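Please take these sequences and the hints and turn them into a complete structure.
There are 2 protein chains.
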Amino acid sequence: MDSYFLKNYFCSSNKTFMHRTNTCGELTLADLGKEVILAGWVQKSRDLGGMTFIDVRDRYGITQLVFNEEENPTLCAKAREVSREYVIKVTGTVVERSNKNPKIATGDIELKVSNLEILNPAKLPPFLIEDETDGGDDLRLKYRYLDLRRAPLRNNLILRHKMAQEIRKYLDLQDFLEVETPVLIKSTPEGARDFVVPSRMNPGEFYALPQSPQTFKQLLMVSGFDRYFQIVKCFRDEDLRADRQPEFTQIDCEMSFIEQEDILNLFEGLTHHLFKTVKGLDMAPFPRMTYFDAMRLYGSDKPDTRFDMQFVELTDLAKGKGFPVFDSAELVVGINAKGCSHYTRKQLDELTDFIKRPQVGATGMVYCRFNTDGTLKSSVDKFYSEEDLKAWSASFNGEPGDLFLILSGKSEKVRKQLSELRLEVASRLGFRDKTKFSPLWVVDFPLLEWDEESDRFHAMHHPFTSPKPEDIAMLDTNPKEVRANAYDLVINGTEIGGGSIRIHDRTLQELMFKHLGFTPEEAQKQFGFLMDAFEYGAPPHGGIAFGFDRLVSIFSGLDSIRDVIAFPKNNSGRDVMIDSPSTIAEVQMKELCIKTTV
Amino acid sequence: MDSYFLKNYFCSSNKTFMHRTNTCGELTLADLGKEVILAGWVQKSRDLGGMTFIDVRDRYGITQLVFNEEENPTLCAKAREVSREYVIKVTGTVVERSNKNPKIATGDIELKVSNLEILNPAKLPPFLIEDETDGGDDLRLKYRYLDLRRAPLRNNLILRHKMAQEIRKYLDLQDFLEVETPVLIKSTPEGARDFVVPSRMNPGEFYALPQSPQTFKQLLMVSGFDRYFQIVKCFRDEDLRADRQPEFTQIDCEMSFIEQEDILNLFEGLTHHLFKTVKGLDMAPFPRMTYFDAMRLYGSDKPDTRFDMQFVELTDLAKGKGFPVFDSAELVVGINAKGCSHYTRKQLDELTDFIKRPQVGATGMVYCRFNTDGTLKSSVDKFYSEEDLKAWSASFNGEPGDLFLILSGKSEKVRKQLSELRLEVASRLGFRDKTKFSPLWVVDFPLLEWDEESDRFHAMHHPFTSPKPEDIAMLDTNPKEVRANAYDLVINGTEIGGGSIRIHDRTLQELMFKHLGFTPEEAQKQFGFLMDAFEYGAPPHGGIAFGFDRLVSIFSGLDSIRDVIAFPKNNSGRDVMIDSPSTIAEVQMKELCIKTTV
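So the sequence lines, in the order shown, correspond to chains A and B. Those letters in the first sequence? Residues 281 to 878, by our numbering. Those letters in the second sequence? Residues 281 to 878, by our numbering.
Simulated from the structure, these hints should not be mistaken for lab results. This one's a predicted model, so the numbers in the text were calculated from it and none came from an experiment. Beta carbons: idealized from backbone N, C-alpha and C, even for Gly.
Estimated spans, in silico, between C-beta atoms of each pair:
1) B:524 - A:326: 55 to 61 Å
2) A:730 - B:453: 51 to 57 Å
3) B:411 - A:730: 48 to 54 Å
4) B:306 - A:563: 28 to 34 Å
5) A:859 - B:453: 35 to 41 Å
6) A:731 - B:524: 39 to 45 Å
Next comes the structure, spelled out in structure tokens:
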């Protein structure tokens, strides 16, 4: 057994051994002359003119240690033994620094060390423990415990902690009660795929992990809890993307005796509170937009409104001039790329290539330059006169220097395509600034959406969402047009959360399941407990859920949620650090009455 | 569709419809004359001399509504339509009550109703929604959403919320960061049975649900997080008892650069804070007792110290007087049941029957009365003289009126038996008052305990617990005697939590696994990621975990944790409300590459 471990162990039997007097982030000129004890990790060390300097790091900061060759050669020699990431403990006196470092809180001082203990040595880390590291994604996931030592990652998790605390403070003050709902629940066919858990005590049967506590929070409203919230893990067995994880965290809320208006106000208030307390930002009231307008003006139900560039429809102006592409199109629609008339052929080709990508799927793009000399020049000049182009320009509120980009085709499809183009152009123009925040509410979502694959309607939000009273009559006649009491909060083009006013009446819930293609028996088998509950005095209620990981990543200015999660899974759902999932023992499967079929 | 639902829906399109001006718990004489709107559930209604009275209930309280037959016959008739648990909304004026009810906050007033709306009718509940209900356990679990309407259950969950908030406040002030650890982890052979989750993306492999975040919180210490906590769901697939649930909640904490002393102080502080803020109690400092003393004086590592009644050893006094049972015993030990010398034959027989139960397993009990007339009378007088009994009595600090109860046999076994007898006698004497709280720390647990079944040593706490430095040498020579840096918090005979100073050195961790019967390969396969981490600069660290459900149930004065959990499972792990676990679709199993074998 190596000497360090014995030393540690014998030292630690001395009760006062471990105590630090300070952290590595707090000593200043106010502490000059004090004798202090610090403990932490060696960030780096260097020798300079008979002195050895060590930067010691902990969660709270970095302090410079100094060892003097002449004054204490033995100690200095020992200081030279230690290298990056060693865990050390030092005693010393706070002295003023000759070359101050204004970048760090402790930059005015250094510690003149009188005693150095190595608490634990360290092998050379597989990548640099610096703000900018040289480690690749896979390596950093395998050694996540080392990656988490880097300030950017640590700060994301500190921000996450702070946000969770502020969320609880705010909701507690609003009389919300945090109630834990079960993790071992029942598998349901609606929504995404469930993770399931075989039950040993009930052979052949399975629990499911919740995709959300939806039905339980509604039952809590039936129980009269009035205001519920929970910051809770949810689970979806879906194929993963940068912003998806098999387990994710939701800020889940439900209220009784309220209207959509109450919920929007209360949770806009929560978001304001977070921007204020966590980022020091006073946000303006959030604008609201109907789903219909969002699709019409941005081709998306989660528009990025950090910049304008709204859609302009040219169908009437563009048709009937002999250009077959437009003449045959259901919709001709474009955007004004302000000040881009100077775009080169090459730049325009790049945009054309972008929209032709399979994930966008457009066939071609028409452009029209409003040159700074006032002339208009388009890629379809042979079909459209100067007058025609002037009319287009007017619709775009064009000014000299602008560039109009126009797509055409089937309305729904072309809007989605133009939405992609709009974001691409905005990125190229630097409009998508991560330090800028543009929230909005999208309201009046459709209740149902047609699913080609299963050839039936799906609930756009979920089956418990109530239709707008005035639209209920259309459920039988024109289901696609029925609007829901549903709403989403969108920030910078990301859906942060959504919710709805729920159905609280058995009859309407049964009607809803019927339109989702459930037989009465299926509906009763899956959700009978909820519909039964509605018959024992269910209050009108509604709620909302925010994706906590996404909210934190937006606040951190990150694209992926992975770096706001301490121990994320990779894209094939593996935790490469602990090497999970893994095979289990035969006896375990036997006890659970299951077999694998691979 | 029934008329109520249509009414609700058309009403709810009016934005102001839902708003209450007040809750049912806040109106007092200060509000006299105000016109208010309340919404809630009908608790009860009665007719009395041309008046109809309805008690309307919400989470916040109960308010009495009054309807006057003469003044408004139509409204009064409508009021008579509603019955228990209907959801109603009323407008009315606050008036003073003739017969005040001092028991409730709103007892001085009642609401003279001008308008009544039925928001949702209710079928007759299957049991009484009162503090004392007539519903059986199974029925109440099936209709948990109705049981949760009862004040006692609701108050438990409100207390739970308050405690969680206070815990987070306290730990946040102490620089702890709440970090979420994964729920989908890796199955390990140590400890209790894991719940497992088949992975669709990794066919034939399984995740496991965590029994605790132990290894992850230690990795967070290696990452330099310094102080971690989490209020987190944990999972154990064990056969259930009143105080066990397959999913339970833990207050999980870990700290770096600390000693056992620091942890005891900090978490004694947390417990003091909870007693103060939640129950308004100023608790004295918690006593500490070694595991050895706890076993010697109480025969239990979680002694109920609300009362004294410590063990008294009589072995030397009792042997060699010709009483074969004692002569052949390894240990003769008893308790003094103060003031019980009057116990009848029948009462003594009941105690004898109690200790003879299989779960106690003693063969017989000797008693000795210290009569109020000063005489001593035992069940073994033919072997022991007055002098002998006087000597016994002296050891018991006996006084006239006392009763000595004595067991004998193998030390370990007889102590456990006497521990049961001690608790039984205390219950009969009313010493186990649920409104009294007696916490203590039990320290210096053994590191290892021998497991007959698997014929090897098990870690008494867990394999990551460090031995006391001065005992390490005994690991090879006398493993049973090695003490751990481990501690438990016990309140009223219940283990609330426990923890330890961890191993942070690969060599010692390997040594530990060796003593637990792991081959180096097995240890590396299961816990390699942790031992590898120890080589990259692991700080000395330790922690503790409290059983949150148990802590809340102790604070609520309950024996079972079931009533501090919103939606518990029954003893066969079923949620009878949602009927889970249940079978899943063939296609689901196919996707997961598993088959059931039942």
